[in-house]
Amino acid sequence: MTKVQVIGIPNSKKVKELVAFLKKNKINHAIWSIDDSDIKRKLLDDSKFTEKYCDLAGCMSKLPMLRIDETGEYVVDGLFKNDALQDEVARKVIGLK
8 MTKVQVIGIP NSKKVKELVA FLKKNKINHA IWSIDDSDIK RKLLDDSKFT EKYCDLAGCM
68 SKLPMLRIDE TGEYVVDGLF KNDALQDEVA RKVIGLK
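Okay, so the sequence shown: first residue is 8 according to the numbering used here, each after it adds one.
It is worth saying that the hints were derived from the structure and are not from the lab.
Beta carbons are placed, not taken as given, at the ideal position from N, Cα and C, and that holds for glycine.
Treat the hints with care, since some could be wrong.
[What the hints assert, rightly or not] The list that follows gives simulated cross-link-like pairs (lysine-lysine, DSS-like), each with its CA atoms no further than 25 Å apart: (1) K59 with K33; (2) K30 with K69; (3) K21 with K69; (4) K33 with K20; (5) K33 with K104; (6) K104 with K49; (7) K88 with K30; (8) K59 with K88; (9) K20 with K88; (10) K59 with K21; (11) K10 with K47; (12) K47 with K104; (13) K88 with K104; (14) K69 with K55; (15) K20 with K99; (16) K69 with K47.
[Stated by the list, open to error] Derived Cβ-Cβ restraints for the label pairs, each shown as a range: (17) K104 with S40: 29 to 37 Å; (18) D53 with G85: 15 to 23 Å; (19) D45 with A91: 25 to 33 Å; (20) A64 with K99: 13 to 21 Å.
Assemble the whole structure, with the sequences as input and the hints as a guide.
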C-alpha cells in the first residue's frame, strides 16, 4: 500500500485539504511539519530533496508537498491550482485509478 508524507504547515488550508483527500482515499500518510527541526534535518539529509530543491543559496519549494515512500520522490508541481487541490493530479501521483 502506498504511504506518503505531507510536508508543510500542519494547520494550513492546503495541508488540511490534502490530508482530507488522503483520508477519503484511505491512503496511509503522515504529516511532516516544516517547522520541526528533525523534519528539516531529514529533508537536508535526503539527496533526492536537496538535488531538486536546493542550491548554494539554500533550499526552496512550494508547500505543501508530498513525499512518496515507495520511490522517495517529492511532488509539489500541479497539486494545487488557484488554491484548490487538483484531485486528478493527486490521484495520478499517488497511483490511484
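Evaluation of the provided hints:
no.	hint	result
1	K59 with K33	29 Å, violated
2	K30 with K69	22 Å, holds
3	K21 with K69	11 Å, holds
4	K33 with K20	20 Å, holds
5	K33 with K104	13 Å, holds
6	K104 with K49	30 Å, violated
7	K88 with K30	21 Å, holds
8	K59 with K88	21 Å, holds
9	K20 with K88	13 Å, holds
10	K59 with K21	22 Å, holds
11	K10 with K47	20 Å, holds
12	K47 with K104	32 Å, violated
13	K88 with K104	21 Å, holds
14	K69 with K55	16 Å, holds
15	K20 with K99	22 Å, holds
16	K69 with K47	15 Å, holds
17	K104 with S40: 29 to 37 Å	31 Å, holds
18	D53 with G85: 15 to 23 Å	21 Å, holds
19	D45 with A91: 25 to 33 Å	31 Å, holds
20	A64 with K99: 13 to 21 Å	32 Å, violated
Figure legend: structure checked against the earlier numbered hints; hints not met, in rising order: 1, 6, 12 and 20.
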